[in-house]
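Chains as they are written, first to last, in the numbering used here: chain R, 1 to 309; chain Z, 1001 to 1151.
It is possible that some hints are incorrect.
[As the list claims (entries may be wrong)] Chain R regions said to be covered by chain Z (calculated; three or more residues, Cβ under 8 Å): (1) 111 to 125; (2) 132 to 138; (3) 169 to 181.
[Claimed, not checked] Pulled from the structure, derived: some chain Z residues nowhere near chain R, Cβ distances all over 12 Å: (4) LYS1025; (5) ILE1030; (6) GLY1035; (7) HIS1045; (8) LYS1078.
Treat the hints as calculated values from the structure; they're not laboratory data.
All of these numbers come straight from a predicted model, not from anything done at the bench.
The beta carbon of each residue, even a glycine, is placed where N, CA and C say it ideally should be.
Listed here are the chains, written in short residue letters.
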Amino acid sequence: MSFKGADVVSIRDLSREQIEQVMDLAERLVPYATGEKCTKAMDGKILANLFFEPSTRTRLSFESAMVRLGGRFIEIAQPQSSSIVKGETLADTIRMVEGYADAIVLRHPHEGAARLAAKYSSKPVINAGDGAGQHPTQTILDLFTIRQQAGGIADKNVVLVGDLKYGRTAHSLAEALGMFGANLTFVAPPLLQMPKETIKHLEKSGSVPRLSSDLAEVISDADVLYVTRIQRERFPDPSEYIKVAGSYRVDNVLLREAKKDLAIMHPLPRVDEITPEVDQTENAKYFQQAFNGVPVRMALIMLVLGGEL
Amino acid sequence: MKDFRVTPIRNGTVIDHIDCGQALKVLRIIGITDGVRSTVSVLLHVPSKKDGWKDVIKVEDRELDTKEVDKISLIAPKATINIIRDFNVAEKFNVKLPDVVKGIVRCGNPNCITNMNEPVETEFIVESKRPIVLRCVYCDRIQEDVAERLV
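With the rest of the complex left out, here is chain R:
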C-alpha cells in the first residue's frame, strides 16, 4: 500500500504490513542515519516541526532525520514565542503552516490534536505525541528495536514493567506487540497495572498476556525487558512511592537471573528505574533505541512524501 500523502496519527490506523514496510525501509536507512552514506532523497522538501510542548528526543530525531535525508526543516520549538499564545486556534495554525512546508510533524499537549490537524491539512501530518494520547512513531521505533535486538517479534517473550496504567504509549506498544504475535507479560503494582480495556483488546486479537507484580519472578525467560518510569505524583504517600519504585528497579543483581542476550529498553528519560551500572552491560539497548528514532522517522518522512533512495 502506498503511504504517499497519508497521515500517521495513531498506530491503530496502520496495518501490520504497513508497519513492516516502515521497519524494512528504516533498516535500509540505518547507514544513512549514522552518516556512513549520504542521500539527497528529500532535497528541496521542507518539514514543519511544530512542538507545542517540550520534547528533546522526538524533536531532535525528526530534525536529524530530515537533514540526513537532504531536506530542510522549519520549526516552532517554543510555543511561548508563537501565535498560539495570542489565542490562535490549532486549526488556523495548521492551515497557515501547510502553506510553508511539505509535511507537518506535530507534538501538542491536547489529546486528539494530530487528528484535528490531519483534518485541516492537505499535507501529511505525523503525530509526534498528543498529550497522554498517541505517539505512533515511538511505537514503531520500539517495535523496530525489538525486531532488531531480539531477531524478530513473533513468539518473543516481552516484559513491560512500570507504570502501565497511565502511560498510553505502553498501551499502544502492547497492542502492536500483540498484533505481531509476541508473548506479553505485564509487571506493575496492582494500582498501575495495564487497563482492562487494553487487555480485552489483546485477548480479542488472540493474545493472552500474563500479569504479575513481581519482576524477579518473570525475568528469567524474558527476551526483551521494556522499562517505563513510575511517576512520583501517582502516589499520595511518598514513602509508598519509594517502596514501589525500589521494587521495580533494574540492576545487575536482577540481571543475574536473566537470559544472557536479554535486551533492556526504555523510552527515556529515565530517572532511577535502571541503575547506571546496567549501562555497561550488553543488555542495555536504550541508547540504541533512541538512535533508532532517526532511521524510523526517516522512513516515515520518505514514505509520506514519496521519496526514493
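Given chain R's structure and the hints, the job is docking chain Z onto it.
Using the frame of chain R, we list chain Z on its own:
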C-alpha cells in the same frame, strides 16, 4: 365515550416507547423549553404492551428532524417516532443509533482538543449500542455516561 388521559393530537410528533424515566431528558434534547407555543404532553410511567412501562411525549405542531431523532436514540434507544398529520399517523419509524455520532455529544475528556475552542464538531464511533459506548474520533477516549454530555 372512551375516557382519554391525553387526547389525540391533530398535527405533530408522538415519541413512544421512551425508556421509563427518560422523558424529561428527551424534552431537553429536543429543545422543549419555556418558549414553546404549542401543547406538549408528557406521560410518565405508562403501561406498555412491549416492555412493562414506558414514557410517552406528544408535541403538537412540530415534526422532528433526523438530527433530533439521533439525539434521542442516545438515551431512549427503543423509542418510536410517529409523525401525525390530521389525526393520522403519516410516518412511523424507530429511532436508530447511527454508527457515527456527530456534533451532539461533548467529549468527556477535558484535555481533548474538541474541548479547546477549536472550530470543530465532535465525532464519536459507536462501539456498542447496548449499553451505549462511544469512542471519540479525536482523543480515542471511551465514553459511557453519554446522556450527561449532550450538547
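Verification of the hints:
no. : hint       : result
1   : 111 to 125 : holds (count 6)
2   : 132 to 138 : holds (count 3)
3   : 169 to 181 : violated (count 0)
4   : LYS1025    : holds, 27 Å
5   : ILE1030    : holds, 29 Å
6   : GLY1035    : holds, 32 Å
7   : HIS1045    : holds, 36 Å
8   : LYS1078    : holds, 27 Å
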